[in-house]
Amino acid sequence: MTESWRPTATIETLRERARLLANVRHFFAARGVLEVETPVLGQGGSTDVHLVSLSTMARTDRGQRRLWLQTSPEFHMKRLLAAGSGPIFQLAKSFRDGEVGVRHNIEFTMLEWYRPGFTLPDLIDETTTLVANMLPSFHGPVVHYRYRQLFHTYLAVDPFTTSLEALRRLAAERGQMSTGAMVNEGRDTCLDLLMGLVIEPQLGRNELSVVVDYPASQAALARRHQDTDGEWVASRFELYLNGIELANGYDELTDAAEQRARFIKDNAERRCLGLPEVDVDERLLAALEHGMPDGVGVALGIDRLVQLVLGKARLEEVLAFSTPNC
Amino acid sequence: MANYSTNEFKGGLKVMLDGDPCSIIENELVKPGKGQAFNRVKLRNLITGRVGERTFKSGDSLEGADVMELEMEYLYNDSEMWYFMKTDGSFEQYAVEKKALGETEKWLKEQVPYTVTLWNDNAIQISAPNFIELEVVETDPGLKGDTAQGGSKPATLSSGAVVRVPLFINEGEILKIDTRSGEYVSRA
Numbered sequence: 001m002t003e004s005w006r007p008t009a010t011i012e013t014l015r016e017r018a019r020l021l022a023n024v025r026h027f028f029a030a031r032g033v034l035e036v037e038t039p040v041l042g043q044g045g046s047t048d049v050h051l052v053s054l055s056t057m058a059r060t061d062r063g064q065r066r067l068w069l070q071t072s073p074e075f076h077m078k079r080l081l082a083a084g085s086g087p088i089f090q091l092a093k094s095f096r097d098g099e100v101g102v103r104h105n106i107e108f109t110m111l112e113w114y115r116p117g118f119t120l121p122d123l124i125d126e127t128t129t130l131v132a133n134m135l136p137s138f139h140g141p142v143v144h145y146r147y148r149q150l151f152h153t154y155l156a157v158d159p160f161t162t163s164l165e166a167l168r169r170l171a172a173e174r175g176q177m178s179t180g181a182m183v184n185e186g187r188d189t190c191l192d193l194l195m196g197l198v199i200e201p202q203l204g205r206n207e208l209s210v211v212v213d214y215p216a217s218q219a220a221l222a223r224r225h226q227d228t229d230g231e232w233v234a235s236r237f238e239l240y241l242n243g244i245e246l247a248n249g250y251d252e253l254t255d256a257a258e259q260r261a262r263f264i265k266d267n268a269e270r271r272c273l274g275l276p277e278v279d280v281d282e283r284l285l286a287a288l289e290h291g292m293p294d295g296v297g298v299a300l301g302i303d304r305l306v307q308l309v310l311g312k313a314r315l316e317e318v319l320a321f322s323t324p325n326c
Numbered sequence: 001m002a003n004y005s006t007n008e009f010k011g012g013l014k015v016m017l018d019g020d021p022c023s024i025i026e027n028e029l030v031k032p033g034k035g036q037a038f039n040r041v042k043l044r045n046l047i048t049g050r051v052g053e054r055t056f057k058s059g060d061s062l063e064g065a066d067v068m069e070l071e072m073e074y075l076y077n078d079s080e081m082w083y084f085m086k087t088d089g090s091f092e093q094y095a096v097e098k099k100a101l102g103e104t105e106k107w108l109k110e111q112v113p114y115t116v117t118l119w120n121d122n123a124i125q126i127s128a129p130n131f132i133e134l135e136v137v138e139t140d141p142g143l144k145g146d147t148a149q150g151g152s153k154p155a156t157l158s159s160g161a162v163v164r165v166p167l168f169i170n171e172g173e174i175l176k177i178d179t180r181s182g183e184y185v186s187r188a
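Sequences listed follow chains A and B, in order. Using full-length UniProt numbering, you'd call the opening residue of the first sequence number 1 and step up by one each time. Using full-length UniProt numbering, you'd call the opening residue of the second sequence number 1 and step up by one each time.
Pulled out of the complex, with its shape left as it was, chain A reads as follows (with noise of 0.2 Å):
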């Protein structure tokens, strides 16, 4: 049998995917934010447990050398907002091993903003303008919740103070899986589950969906506040649309000292899951240690909004070649 050559996107599909490519790009350009390029290989990678990093080995000046391909560019624009570069955004190849399925591929293009001197409502009604841009046909209104609403509304439990048994024991229930499957997993592990499986599905729906106040373990490299219930969260908003997560978004870390603690746990949580360690991006911490402003950073899938625009069912027909096909 003769392998498939040809494109998993039509050639119409990708016409449209340049039309809203450049919709972006103008969004931008009228807002005066900066269009930048950054390095997809670099010489630490991300640390964060649930990432699996492509990395390869290059001849380097300084020899033999690992470089870690990016699972987004943050790292990179960090490092230009400490130079001074002000409002920046990129659309980047980003890579995550063993992320394949309808709404994923291991190779993909994030698109990935900085607001110095935004906040997080700023940065929100941004995000949220630009994807109403994006679909003129859409005329939902952008509705905010609370993480902890959420549980509580679809499945009458508190996520921060429900004991760790009960979150397995509805995890197990709610996930269909194997007796004691979740007899060893952490609180984390049951919220996302349950967020992604029971929870997710139900946001977005004729609507913008905006989640904020997550637990603070899901910070990875936002802020931490305390909430109005006196709470420790996160400083980040998801965005949903048709049960689809589009958004990611941080008040940033500019704390060197905390974002390296941050690091060496995740090094130290991937060393008790006997997961690789991701060599730690001292350059960034340098940039954080020389000062970053504080400020704003949003991630969004770029190919799963367009594959939502053009209504496609599957990720791979708003790409020219998927993984599977590259």
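Think of the hints as simulated: they come from the structure by calculation, not from any bench. All C-beta atoms in this analysis are idealised placements derived from N, C-alpha and C, irrespective of residue type, glycine included. Just to be clear, a hint being listed does not mean it is correct.
[Stated by the list, open to error] If you want the ones that stay clear, here's a sample from chain B, every Cβ over 10 Å from chain A, calculated:
#1 20
#2 24
#3 53
#4 133
#5 152
[As the list claims (entries may be wrong)] To be clear about the criterion: a stretch of chain A counts as covered by chain B if any three or more of its residues have a C-beta under 8 Å from a C-beta of chain B, and this derived list gives those stretches:
#6 86 to 95
#7 171 to 181
[Said to hold, decoys possible] Computed, partial: chain A to chain B, Cβ under 7 Å:
#8 50
#9 100
#10 101
#11 238
#12 242
Following the hints, complete the assembly by docking chain B onto the known chain A.
Below, chain B without anything else, positioned relative to chain A:
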């Protein structure tokens, strides 16, 4: 058998789950924003035929099931076991229990090749060919002149199946039947 990790779960892959061989129908990655990824997997239990869903943590694995599909001709039955023979020239025979036959029992005809699913060399499922030709053994007499349209009547076929046929069909005729829908297609 080899182990398969969640990202190798593809439609048609045969795996062991709770002691039963299952065939994977669909596998979808579920990854909430920033957290742990899961795989939502739809599987068919090859013993019971039931379809169900399960969630796995991404990276979990299942043992492969030693399942294969072979073509075999139906030979005969002694009302306890049904006997099939490989069509590869080996003349090797397999005895099949009634529960593995399921719906296929009413489409059995000698010397017709069926798809036999073997698990650890035991037949667990028999699938009929999509179309089969069977003789009418009992039906009301055919109505002359009614060859175009109008009504239908039940007819019992040589395999025991009862299907709706056009009024003009007579006993002794050979009919082509779609085994998936159980519907009359044409005279053979």
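Quick rundown of the hints versus the structure:
no.	hint	verdict
1	20	holds (12 Å)
2	24	holds (14 Å)
3	53	violated (6 Å)
4	133	holds (32 Å)
5	152	holds (39 Å)
6	86 to 95	violated (count 0)
7	171 to 181	holds (count 5)
8	50	holds (6 Å)
9	100	holds (6 Å)
10	101	holds (4 Å)
11	238	holds (5 Å)
12	242	violated (15 Å)
Hints 3, 6 and 12 from the list above are not met by this structure, while the remaining hints are.
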